[in-house]
Amino acid sequence: MVHHITTPLSENAAKLLKAGDTVYITGTVYTARDAAHKRLAEIIEAGGEAPFPVCGGIIYYTGPTPAKPGQVIGSAGPTTSSRMDKYTPDLLDLGLRGMIGKGARSVETVEAMKRNSSVYFGAIGGAGALLGSAVIKAEVIAYEDLGAEAIHRLEVKDFPAVVVIDCEGDCLYETGRQRYIEVRDE
Amino acid sequence: MRTIQSEALTEAVKRLCIRANIELPEDVKSCIRVSLKQEDWPFAKGILEKIEENYLIAEKKQIPVCQDTGIACVFLEIGQEAHIEGDLKSAVDEGVRQGYGEGRLRKSVVLDPLQRVNTKDNTPAMLYIDIVPGDKVTVTVAPKGFGSENMSQIKMLKPSDGADGVCEFVIKVVEDAGANPCPPVVVGVGLGGTFDKAAYLAKKALMRPLDARSSISYYRELEEELLQKINRLGIGPQGFGGRTTALAVNIETLPTHIAGLPCAVNINCHVTRHASEVI
Ligand code: SF4
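Taken in order, these protein sequences are the chains called A and B.
Residue numbers 1 to 186, in the numbering used here, belong to the letters of the first sequence in order.
Residue numbers 1 to 279, in the numbering used here, belong to the letters of the second sequence in order.
Quick caveat, the hints were computed from the structure, so don't treat them as lab data.
Glycine included, C-beta positions come from ideal geometry on N, C-alpha and C.
Keep in mind that the hints are not guaranteed to be accurate.
[To be verified] Heads up, incomplete: computed chain A residues facing chain B, CB under 8 angstroms, no partners named:
#1 P8
#2 A13
#3 L16
#4 V72
#5 G74
#6 G103
#7 S106
#8 I124
#9 G125
#10 G147
#11 G176
#12 R179
Input sequences plus hints: build the corresponding full structure.
As structure tokens, then:
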């Protein structure tokens with residue numbers, strides 16, 4: 001299935017997405033990777049407010065390259081998501097609806113996704129030039145001192161991704177491989 | 001004795017940092033194209049097409065192929081008849097600083113592994129120096145991303161493990177890595193030497209063009225066998241399932257001790273970057 005989805009992503013819209021579906025995302029996503037997650041976790045722990053609306057939001061695990069003059073952004077592909085697993089269940093329990101990254105997630109993250117009807121999207125790792133082309137506006141909104149690891153607000157248009165783990169916990173890394181092998185060996 | 005000014009080294013490193021990050025080597029591009037032809041799973045084919053489109057966009061817009069513009073691995077083959085005037089290490093780091101600055105590449109280096117403060121200019125370079133005959137200096141810059149670097153492993157196998165043990169370990173590393181290193185991957189294998197030399201060989205193996213097989217026929221066969229086995233795993237491009245899990249397996253070897261069989265596996269991604277110049 002192919003879906004064109006917009007942010008913020010509602011619970012009902014999230015539930016329609018199944019592992020293996022292709023999506024084109026339009027709207028706002030927030031970037032955060034290792035260092036930003038560490039700070040977010042500290043803020044949440046202290047009872048403070050995150051610098052962007054976590055509830056209903058989508059986090060994109062990326063640290064883009066600096067834009068050239070006249071360009072919106074440089075290269076902006078996904079980084080390995082499992083490094084964020086330590087911090088993710090708490091964000092999901094705050095209502096985080098989606099994450100864009102690459103690679104497998106921890107059992108704790110998948111359980112929290114199921115509990116909160118959240119979706120994990122995979123963008124093509126190493127396709128930063130292509131993915132950056134789907135970003136129409138970019139702005140640093142927090143932790144500027146972290147450089148590439150700062151939190152950016154990105155406006156994206158038809159950002160291409162694949163549903164890797166859906167709200168029910170089905171995972172394309174398992175099912176996709178299995179299906180391919182079954183058909184190949186038939 | 002031929003004298004080379006260190007500024008020439010700085011200039012070369014700077015140019016190579018930028019070029020390596022924006023343009024994939026011809027052998028990598030042609031390997032991606034070949035894999036596209038061989039891929040028999042439609043979804044996987046679609047991913048490979050996007051990967052091809054990506055490096056074309058990068059060339060056209062002159063932006064990095066991947067946002068992880070890596071830690072700068074700089075290989076110097078210094079002819080023993082060449083003399084570099086000035087501070088060699090500073091000259092290389094200056095080239096990295098200028099290249100990552102002017103090329104608008106991402107600064108991804110922290111000064112201390114535990115304190116983790118970004119150096120903001122991507123220095124220092126990871127420097128590898130080899131002394132060779134002649135009076136020339138060959139400079140190779142290979143930006144290394146860490147999505148794939150993190151998936152690398154080393155094992156001190158026993159001599160009795162033999163070729164089967166090597167195959168088993170290499171396949172286990174690719175299997176453990178799964179979707180994390182942005183498959184299709186390139187697998188660098190270092191066999192022999194010592195613990196540290198094996199790791200160095202594995203990195204060096206990633207510098208070899210993907211279409212150049214080992215010059216030793218026994219290892220050429222092992223490379224081919226491993227590639228075939230890896231591409232039977234079904235992990236596929238991005239781990240979504242498919243044939244193309246790896247683009248190539250390159251093995252480099254050294255003599256080793258009677259008691260050991262060090263085996264290092266350095267994983268790289270489809271963004272296998274390196275560019276060279278001779279001074
Ligand atoms: S593993 Fe390679 S392709 Fe993937 S993000 Fe890192 S450098 Fe880019």
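Comparing the hints with the structure gives:
A cut of 8 angstroms between beta carbons decides the hint on P8 of chain A: the least distance to chain B is about 25 angstroms, and the hint is violated. Proximity of A13 of chain A to chain B is violated relative to the hint, the smallest CB-CB distance being about 22 angstroms (cut-off 8 angstroms). Taking 8 angstroms as the C-beta contact cut-off toward chain B, the hint placing L16 of chain A at the interface is violated, the least distance being around 20 angstroms. Look at V72 of chain A: its Cβ only gets to about 11 angstroms from chain B, farther than 8 angstroms, so that hint breaks.
Nearest Cβ of chain B to the Cβ of G74 of chain A: about 5 angstroms, under the 8 angstroms cut. The hint holds. Below 8 angstroms, beta-carbon pairs count as interface contacts, and G103 of chain A has one with chain B at about 4 angstroms; its hint therefore holds. For S106 of chain A, the shortest C-beta to C-beta distance to chain B is roughly 13 angstroms, which exceeds 8 angstroms, and the interface hint is violated. The restraint placing I124 of chain A at the interface with chain B holds, with a minimum CB-CB distance near 5 angstroms, inside the 8 angstroms limit.
Nearest Cβ of chain B to the Cβ of G125 of chain A: about 3 angstroms, under the 8 angstroms cut. The hint holds. A cut of 8 angstroms between beta carbons decides the hint on G147 of chain A: the least distance to chain B is about 5 angstroms, and the hint holds. Taken as an interface hint, G176 of chain A checks out: its beta carbon lies about 3 angstroms from the nearest beta carbon of chain B, inside 8 angstroms. The interface hint given for R179 of chain A is met, as the beta carbon of that residue sits about 6 angstroms from the closest beta carbon of chain B, less than 8 angstroms.
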